[in-house]
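Chemist: Given chain X's structure and the hints, the job is docking chains H and G onto it.
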Amino acid sequence: MNPFTFLTQMLRIAIPYLFAASGGVIAERAGIISLALEGFMLTGAFTATLGAYYTGSVWMGVLCGILGGLVIGLIHAVATIRFRADQVVIGIAINLLVIGVTRFFLKLAFDSSSNSPRISGFTARQGAFGFDNPLLWMGLLTAPVLAFLLYRTRFGLRVRAVGEHPEAAASVGIRVKAVQYAAVALSGILAALGGVYLALDQHQFTDQMTAGRGFIAVAAVIFGRWDPVRAGLACMLFAAAETLQIQLQGNQIVASQFIEMIPYLLTIIALAGVVGRAVPPAALGKTGQ
Amino acid sequence: MTRSPGGPAEQAERTKPAIRMAGIDKFFGPVRANRAATLEVMPGEIHALVGENGAGKSTLMRILGGLMKPNAGTLEVNGRDVTGWSTNDAIAAGIGVVHQHFMLVPTLTVAENIVLGDEPVKNGMFDYARAVGEVEALSRETGLAVSADRKVSELSVGEAQRVEIVKTLFRGAKILVLDEPTAVLSPPEVKELWAVLRRLRDAGGTIVLITHRLDEVMDLSDTITVMRAGETIARLQTSTTSPAEIARAMVGREVSLMSRQGEALGVASHPEAPTTAEAHATAGYSAALEVKDLVVIGPRETRAIDGITFAVQPGEIFGIAGVEGNGQTELIEAIAGLRKPESGQIRIAGHDVTASDVAGRRTAGLSHIPEDRHRRGLILDYSIADNLLLGLQDKFASKGRLDSDRIEQNSKAQIESFDIRPPAAELPARALSGGNQQKVVIAREMGHDFTVLLASQPTRGVDVGAIEFIHERLRQARAENKAVLLVSAELNEVLALADRVAVMYRGRFATVIPAAQASEEVLGEYMIGTRTESAA
Amino acid sequence: MTSRFREQLEEALFPPVVALFVALICGDILIMSYGQSPAHVYGLLLEGTWGNAYGFGQVIYKTTTLTFTGLAVSLGIRAGLFNVGAESQLAAGGFLAAIAGLLLSPVIPGVIAIPLCMLAAALGGGIVGGIPGFLRVKFGAHEVIVTIMLNFVILALLNWIVATRLHVPETLHTPEIHAGSIPRLDEFISAFHGSAANLTIIVAILAAVAVWFFLFRTRYGYELRAVGLQPDAAEYGGVNVGRVWFGALTLSGAIAGLGGINYVLGYKHYYEDGFAGGSGFLGIAVALVGRNHPLGVILAALFFATLSQGGLAIHAVVPKQMVEVLQGVVILAVAMSVPEVRRALQQARKPARA
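Residue numbers (this note's numbering), protein chains in the order written: chain X, 1 to 289; chain H, 290 to 825; chain G, 826 to 1179.
No lab work stands behind these hints, which were simulated from the structure alone.
Heads up, a few of these hints could be off.
To be verified - In silico lysine to aspartate or glutamate, DMTMM-like type, Cα no more than 25 Å apart, as pairs:
#1 H:LYS629 with G:ASP1057
#2 G:LYS963 with H:GLU590
#3 H:LYS358 with X:ASP227
#4 H:LYS440 with X:ASP132
#5 H:LYS358 with H:ASP468
#6 H:LYS701 with H:ASP670
#7 H:LYS684 with G:ASP1057
#8 H:LYS463 with H:GLU430
Unchecked claim - Label pairs and their in silico Cβ distance ranges:
#9 X:VAL145 with G:ALA988: 56 to 64 Å
#10 X:PRO117 with G:ARG990: 54 to 62 Å
#11 H:GLU810 with G:PHE1041: 54 to 62 Å
#12 X:PRO117 with G:ILE937: 51 to 59 Å
Being a predicted model, the structure only gives us computed values, none of them experimental.
Backbone N, C-alpha and C fix where the C-beta goes; we use that ideal spot for every residue, glycine too.
Excised from the complex, chain X in its bound form (with noise of 0.2 Å):
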């Protein structure tokens, strides 16, 4: 196995969780449980595909992937702050209703159940091994950007103000709702745009092409204690595990299977506190009460 290889195969598979979770890291430091990822980056995938084929343009695909993220991640806002529904409910029933339009559409679009027609992406030269791909580069640096904006920024200190308590940031205030919908919207688009690089990178929207992606992202978000850049490291654990699953395949030490539980029992273990307490932004999911 070359180290160059599975260095090229893990970034490839790390950046739609790159992306989605720093979205999840966005939305949960505002206090928005953030549990439709997976909706938010199929919506993308789907929108992007049907930008790039209808205009040619792979950035008009780009573009398109991130007015669908942005116009379901305020459906998002809308339903959680304005109505105050269950955010639990809300982040499954995202997700549940993504899969649906986007098969609705598939098959009204491309006559087909299955997948979409070929796009273009972004030209792969062999020699490049990924890296001319501009999503790339935006994935990582998303979560580099996102720390910077989260700590460094006025709305970044607001958005962990208004996390953490939410009556303090009212009562010298700030508008409480406004940065909820912000970070939601954000989280919509950055989400997204997971979906987006998926989608062109595979050439061609695919039913349910995020495969549980998006709760890998969640683990990431909590496994990461909400901050972007642990995040994004535990994004990186996760690829690399995936990546020497695949590159094993022949010789199996221990099954995929077990490979593929990784993320999910390891933010199992970061919530019972094993290793130290994955403590949530104290407002997380309060907008109901």
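Modeler: What follows is chains H and G alone, placed relative to chain X:
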């Protein structure tokens, strides 16, 4: 309490009140939190706003701070009519509120908390270094020591409070409102706070201090406004008033209802209830309730109960008076089994129940009327019938199955004998008035056999008619040789019912005296802490 | 009808009715975007589900599984807990039922074999439900995330067991069970010929009755509901809140696990990887729309089962995926309207003050 006189022009300026609130009405649904309330605070003074829980002080201050709008009345600040303004307006006009429950984000640093909402920026980024610098400068200027770069969660209570004060000063507050600032401070921290407040006043600030601690009022304030039941009762000058006068204004009700009518009505009472020492001597078997060396740790590692020992005899009402917040809640919860004490022993009818859970203590003969019926005493979405089972559900079930006939019989009987209205057993508890809700709790707790009754604020939020009913029931329990431990913030209630009265102050009994010797004047001094004796 | 009962009914029924309305409108839009007439399509849907015996049989079959998962989730919610793990609890239950069925000898009569397999199913689900229960009580680990994560773990584990050890070659299912098969309905009513409907529906209804009885007629149900409504008051009432949490999640898991028998004992007579097919997650929708009441759960299960089967019936005209969209819309609409309706009704009602 001296004030710098200043020249004639300054004196003329000073006659304009800094705050003038008149005719303030505020409703929350059917509840009237403020009723034609008034407040006049002169600039450059420390003004104490005094009253018991529920008197309407916090509501009035929230209106001042722009968190709420009054339903009627006017608010003038520095001569300007600002009725109905917003928090941002209030902050801009120089009003700073330090809340009882700190409005600080624990995971952020002191500097971040102070500048939140008004953060300095450089090149689009939050300029943290400048925030720290500004906070440190302000800290030096005002003499309020705060560590700008530390996380709020690491601060002591006193420090956190200083941060709250600096936060208001950072926004240019000239009028400071502090809501029960000493509730969580230790005595040395209180002294520090006093020094800070005096300094701020001397520097030209105006301070409104909401408190129910009369010792603080006497020590610190220039003027006092007393509120009760949403109304402003009195405006007093500290230099010319006394604790007794303040206490009377705070707690007084129509005396006719609350006098010691027990004797006049001919209800059996114990003319010579033994003092604690005597009780220990005479009771061989022991009292119905015994508490020994009880220690309970409260929030922030302080001792909410600091070593209390006492006993309650059968056929006695033992009343605990005292301003709320001195450990009464923790004491009752520890006896009821809802709070784990650090050390100490509790016995009911001779049985050691220290290690028993809530259900075990009930079996041993304990009944409990909790002080918060909405949180503990009732399940608001359950029907009256179901609420009458709470804590007793095992008695109404055979092999796990609830006996609906017995439950129905029980509710009918209880509703009738305790006159619960409306008399519909299926109605959710939420739909009843406060008095009737309390009657449900009392019907349940007193409607079966018990040895010891804990009655915590039994008539809080209850209408006058129901109060008398409840008092009758408590006297009846005494006549039936039960032991009643009564905790009430209403001094007159304790005086009317108890055979022996203890005053609770900062986790200990400041005194325990027979009712015959107790009066407002005597107890008042113990309640505000200006008098203590080494009590058992 | 007492006024309280009417109030409760109002608050319970408004959200699903609102959601149905919203779903109908969305359905109209989607159908028309395909150039079809809504009336025609809805007609086809009803015909294909309640209008013919085979279709209705399929509806019964799907209702059965959804009733179990819906009951499981609603029981947890009554205790104030959110069990998102019904999917893996269902799978684990089905798996253990299949194992029991394989271990039992074929000479054992169904009267004994079936209950034994059912017990195994409940045990499987109960263990998977007990884990988050334990973690919540001991460590305060929030059950939502634990159950979501555990779903993946358990499903992967089951996949591994079957794929490496227990599968019939060329498939991902276990061998056929030797004992414990539950008869299909078409053995009694020939009209149901070919449909998967089987006698498990009776177990499902009995389970709903049992849950109703447990919640509203026993002291344990009284305590469980109290914990879900006001844990502080329950504590005051002598209830051990932690024990109730653990018990509720375990029982919830057991009920979901029991649902596995529908497929394993009643339909295919083997365990197949992925048989749960999303019924665990849909159980959340069923509980929500059914307002967490056993009767409501049955009705909601019927609704979602009809939608699901109806999708197949209309597939020639409009893609069956439309039904999945409507499912999502219904859940979203109900979730959004519940707090809204509660607030509106509370404002409209004046509490009776004596």
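Chemist: Hints first: check each against the structure and report whether it holds.
Modeler: Tested hints:
1. For the hint pairing LYS629 of chain H with ASP1057 of chain G, the CA-to-CA distance comes to about 15 Å; that is within 25 Å, so the pair holds.
2. A threshold of 25 Å between alpha carbons decides the hint, and for LYS963 of chain G with GLU590 of chain H the separation of about 24 Å falls inside it, so the pair holds.
3. A threshold of 25 Å between alpha carbons decides the hint, and for LYS358 of chain H with ASP227 of chain X the separation of about 40 Å lies outside it, so the pair is violated.
4. Under the criterion of a C-alpha separation no larger than 25 Å, the hint pairing LYS440 of chain H with ASP132 of chain X is inconsistent with the structure, at around 43 Å.
5. Straight-line distance between C-alpha atoms of LYS358 of chain H and ASP468 of chain H comes to about 19 Å, which keeps the hinted pair within the 25 Å bound.
6. At most 25 Å may separate the alpha-carbon atoms for a hinted pair to count; LYS701 of chain H and ASP670 of chain H meet this at roughly 19 Å.
7. The hinted pair formed by LYS684 of chain H and ASP1057 of chain G meets the criterion: a straight-line CA distance of about 21 Å does not exceed 25 Å.
8. About 15 Å separates the Cα atoms of LYS463 of chain H and GLU430 of chain H, which keeps this hinted pair within 25 Å; it holds.
9. Hint check: VAL145 of chain X to ALA988 of chain G, Cβ distance near 41 Å, so the stated range 56 to 64 Å is violated.
10. Checked against the hint of 54 to 62 Å, the pair PRO117 of chain X and ARG990 of chain G fails, with Cβ atoms roughly 41 Å apart.
11. A hinted range of 54 to 62 Å holds for the C-beta pair GLU810 of chain H and PHE1041 of chain G, which are about 56 Å apart.
12. At roughly 57 Å, the beta-carbon separation of PRO117 of chain X and ILE937 of chain G lies within the given 51 to 59 Å, and the hint holds.
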